[in-house]
Amino acid sequence: MDTGLRQRAAGLKQYWHAHWSARQARWLARRVPPVTQLQLSQKTIFILPTLQGVIVGFGASIVMVIAIAERNPVALMLSALMLGVFLLGLILCYRNLSGLRLAAHDADDPLPRRRCFVGDTARYTVSLSAPARSRSYQNLWLGFTANTLQPVSLAPGGDVEVNLNVTADRRGLLTAPRLIVRTRYPAGLWQAWSRPDLLMRCLVYPRPQACLLPPLISTAPAGDHGRQRLVNQAGMDDFIGLRDYQPGDSIRRVAWQALARGQGLKTKQFVRDAEPQILLTFEDFPGRDAETILACLCFQVLKFNRSGQAIGLRLPGEGVIRPGYGEAHKHRLLQALALWT
Amino acid sequence: MDLRLMPAGQDLVIPAALCAAILLILPALQTQPWWLVLPCLICLILRWRTLAFVFLCAAISYADTWATGSYYAGLLLLLLMRMHSDPLAGSAAQLASALRQLFWSLPLLVIIALLAVGAGWSDPRTPSQSMTGVSDTMTPGSVSELVNDGDLAMRVMFAESTPVLQPEDLYWRGLVLENFDGHTWSRHDRLQFDLAPAPALAAQRLQYRVTLEPRRQFWLYGLHQAYTSRPQTYRDERGMLITSDMVRQRVRYPVTSIEPPVDMALDGDIRQRNLAVPARANPRTRDWIGSLRSQYVDDQALASAILRHFSEEAFYYTLTPTPSPTPSPTPGQVDQIDDFLFDSREGYCEHYAGALTFMLRAAGIPARVVVGYQGGDFNPITGHWTVYQYNAHAWVEAWYPGTGWKRLDPTAWVAPDRILLGMDAWLAAVADRNDSTLDRATRQRLWLAAVPGYQRVRDSLDAAHYSWHLGIYDSEGNLRTEDLNDWLTEQGLDDLPVWLLAALLLFVGLRAMWSSRTRQSPVMQLYLRLDGRLRRRQLGRRQHETILAHMARVGSHCPAHAAQWRSLGEMLSLAAYGPGVADPSVIRGKVRGLLKTL
Numbered sequence: 001m002d003t004g005l006r007q008r009a010a011g012l013k014q015y016w017h018a019h020w021s022a023r024q025a026r027w028l029a030r031r032v033p034p035v036t037q038l039q040l041s042q043k044t045i046f047i048l049p050t051l052q053g054v055i056v057g058f059g060a061s062i063v064m065v066i067a068i069a070e071r072n073p074v075a076l077m078l079s080a081l082m083l084g085v086f087l088l089g090l091i092l093c094y095r096n097l098s099g100l101r102l103a104a105h106d107a108d109d110p111l112p113r114r115r116c117f118v119g120d121t122a123r124y125t126v127s128l129s130a131p132a133r134s135r136s137y138q139n140l141w142l143g144f145t146a147n148t149l150q151p152v153s154l155a156p157g158g159d160v161e162v163n164l165n166v167t168a169d170r171r172g173l174l175t176a177p178r179l180i181v182r183t184r185y186p187a188g189l190w191q192a193w194s195r196p197d198l199l200m201r202c203l204v205y206p207r208p209q210a211c212l213l214p215p216l217i218s219t220a221p222a223g224d225h226g227r228q229r230l231v232n233q234a235g236m237d238d239f240i241g242l243r244d245y246q247p248g249d250s251i252r253r254v255a256w257q258a259l260a261r262g263q264g265l266k267t268k269q270f271v272r273d274a275e276p277q278i279l280l281t282f283e284d285f286p287g288r289d290a291e292t293i294l295a296c297l298c299f300q301v302l303k304f305n306r307s308g309q310a311i312g313l314r315l316p317g318e319g320v321i322r323p324g325y326g327e328a329h330k331h332r333l334l335q336a337l338a339l340w341t
Numbered sequence: 342m343d344l345r346l347m348p349a350g351q352d353l354v355i356p357a358a359l360c361a362a363i364l365l366i367l368p369a370l371q372t373q374p375w376w377l378v379l380p381c382l383i384c385l386i387l388r389w390r391t392l393a394f395v396f397l398c399a400a401i402s403y404a405d406t407w408a409t410g411s412y413y414a415g416l417l418l419l420l421l422m423r424m425h426s427d428p429l430a431g432s433a434a435q436l437a438s439a440l441r442q443l444f445w446s447l448p449l450l451v452i453i454a455l456l457a458v459g460a461g462w463s464d465p466r467t468p469s470q471s472m473t474g475v476s477d478t479m480t481p482g483s484v485s486e487l488v489n490d491g492d493l494a495m496r497v498m499f500a501e502s503t504p505v506l507q508p509e510d511l512y513w514r515g516l517v518l519e520n521f522d523g524h525t526w527s528r529h530d531r532l533q534f535d536l537a538p539a540p541a542l543a544a545q546r547l548q549y550r551v552t553l554e555p556r557r558q559f560w561l562y563g564l565h566q567a568y569t570s571r572p573q574t575y576r577d578e579r580g581m582l583i584t585s586d587m588v589r590q591r592v593r594y595p596v597t598s599i600e601p602p603v604d605m606a607l608d609g610d611i612r613q614r615n616l617a618v619p620a621r622a623n624p625r626t627r628d629w630i631g632s633l634r635s636q637y638v639d640d641q642a643l644a645s646a647i648l649r650h651f652s653e654e655a656f657y658y659t660l661t662p663t664p665s666p667t668p669s670p671t672p673g674q675v676d677q678i679d680d681f682l683f684d685s686r687e688g689y690c691e692h693y694a695g696a697l698t699f700m701l702r703a704a705g706i707p708a709r710v711v712v713g714y715q716g717g718d719f720n721p722i723t724g725h726w727t728v729y730q731y732n733a734h735a736w737v738e739a740w741y742p743g744t745g746w747k748r749l750d751p752t753a754w755v756a757p758d759r760i761l762l763g764m765d766a767w768l769a770a771v772a773d774r775n776d777s778t779l780d781r782a783t784r785q786r787l788w789l790a791a792v793p794g795y796q797r798v799r800d801s802l803d804a805a806h807y808s809w810h811l812g813i814y815d816s817e818g819n820l821r822t823e824d825l826n827d828w829l830t831e832q833g834l835d836d837l838p839v840w841l842l843a844a845l846l847l848f849v850g851l852r853a854m855w856s857s858r859t860r861q862s863p864v865m866q867l868y869l870r871l872d873g874r875l876r877r878r879q880l881g882r883r884q885h886e887t888i889l890a891h892m893a894r895v896g897s898h899c900p901a902h903a904a905q906w907r908s909l910g911e912m913l914s915l916a917a918y919g920p921g922v923a924d925p926s927v928i929r930g931k932v933r934g935l936l937k938t939l
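Protein chains in written order, with my numbering: chain A, 1 to 341; chain B, 342 to 939.
Everything labelled a hint here was simulated from the structure, so no lab data went into it. On a predicted model such as this, the values are computed, not experimentally measured, just so you know. Be aware that a few hints might be false.
Unchecked claim - Selected chain A positions facing chain B (in silico; Cβ < 8 Å):
1. I55
2. G57
3. L78
4. N139
Note that the Cβ used here is the ideal one computed from N, Cα and C, for glycine as well.
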């Protein structure tokens, strides 16, 4: 029982696995280059018999040899029929993929519209369409890994959108792995598959981590370091706009004029002038590593945004994002956090 | 509960498989291997597709008529339905897909069949000699070309009480050839079966078991007058063992041999048949026999005079006789035996046997040619005799009044070495003289035989092979599994295996049918049935659609009853997923009412 040897063997196996998959990826990148839209064809479809197919093909050949040796025309015809079914399976299986059109859903935006936090599932949408009016696609399986394939079928000329999920494990721009499109139609004797890369991306925000702002600083007046409070000296609540009414809003804040104009139930939003505007920086969380600080900043952005406070952000090496409100501003801040390097 | 877990509708394969089992009772299918078809059907029902395919493959080689062929094509259709890539598809979709595949594979089938036909595999007119071994006709050269065939012909194990035998005692009779057209000796086709058992009191009984290699023939081999208890094997009056099933596999059969009976009257027909010679053929031989007959009145004396003539005159025993000067396209015109006796004087056993039989017949002595094997190699390890194809031989039997049929072997007079020392020794001597007709494998075998110790290795290998076959077969030559079969037959339970398999099939089939129906709650069954009816009107449930959404969509198609459809959907989903137990009869009534409005 030489555990050292076993470890070394495991290491070697891992090395080979990594080496092999890297080789495969390089080969695939040449063979099926990443594009946002792809129509499957000879160059991009691979086909091999399944284990069952190997058994059927081999068995039919054996029966044929026996039939020839025994000079049994009935058995010869039957084995030829089985062999014919096996060979036909190759064509039908290939046809069940060829011509299928795959497209990433929002491929044209410079930054993906898909957003999520680290640890959530990043969702990608692939649209499949059958170009020919006469050709249907049955029993397709679509997914990112062999274990998480989803069944899809397409009527002639139809199209279908499939949502595929991947767990986001790091912040930043997450590129989806290569897709697996697979079919074993019609009898499971052959498996045709393709590995298109549709350049699908998702922006992953840091995972919010609950943390407190240092209390000393939170009450301290503005300074050159730490969180700054930009105090508006007017001393009045400033009306900054309307937003949709949400249950729980004070009835005094309801914009009755807007309701009278037929704009629906709206809530007036004010900025309390006395309320400070907040500029979040890295220096608020000293003694932590950058990723943790980003997670804490994310939490603070979400918290202040929910409570309707104006927040800005200054990241090391980048410009200052002026304090602001609203969903778009929140995403702007989170995007800056996600993409900070 | 995920609706996709259940196949839509009834599973058609199960009743079809049960029907296929019942079809086996039909007379046209009774020859088919039920022990393969029934397991195949069971596997089909249980969705063990690969195993079902293997059973089907094994059964297909038994297909002999087009009726059985179409039966297996039907089984293939069921298998294809089971192999459908979407196991949850309805039976109709599976059937359509399977039929489509079979239809489109027909062109491929035609191509493959054309290739096979083009290869001429089915032409029965060109069987190679090496496949047939000893054939049922004898022409000059038909035996001598087997000399290069080193394949095994048979192995023989004698009973323990048998006296020591010498190779010269072993004449393995195969066929008796009585018809002669001047060129070819052939069988008289009419068989006269002798169904009597071996005489119990005969002296000199030999008991042994023959393991015969398959040569696609209808006869077996034995010594002297052979009797066998092998089923479907009959004994002809001439002593041939004829079997009604072609020897396609190695067979093993017990034989009891006795010396030919002494006081045997010769039937008029048989006498005439064994005296017939082609008219006007071989005049020189006839003249010579006529003059010899005047010297010897006694039949036996005449026969031994002829044999002495062979040994005293300059006759040569050779594999390559000088070819006859004018091989005529019409046999019978050439005086082949004249050429042999007076001109070439060279020949192999078939030349001598043919000439001797002709001469005896010309002299009025009934005579016939016997083909088979002579001699063999004794294996000291297991104590059996091994006979190879090159031991093929032809000899003569002559009938003397008061004595019966007697064996005469001209080869023993011309080339006594071949009979006494064995084929290998004689071949080794031939190989020294002229090795032109011996092929490479034969020469290699002869060369190896001279190597000390080789014979021992060969014997050991042969003994190992033979022991292996002994292990597989029981003493009666049946496969060992048939011991159980015999025991069952003794108990009067011949059909027990088929009944057990049929019962298993029925059990599996009914269970599968029952469970596919009852695995759903009654309400869900109701909904699935409704879904089936709606599907016919293009209103079936779509993928990922809830019951509620489905019913609402159906309602939108018939606005007059939209509210009722919606409430049905609520009732259904509440009954299916809600906490309480619902009464299906209420829902059933509602479903019926709504279906009428469609």
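Comparing the hints with the structure gives:
The restraint placing A:I55 at the interface with chain B holds, with a minimum CB-CB distance near 6 Å, inside the 8 Å limit. Hint on A:G57 is violated. Least Cβ distance to chain B is approximately 11 Å, over the 8 Å limit. Checking A:L78 against chain B: minimum C-beta separation of about 5 Å stays under 8 Å; hint holds. Look at A:N139: its Cβ gets to within about 5 Å of chain B, closer than 8 Å, so that hint holds up.
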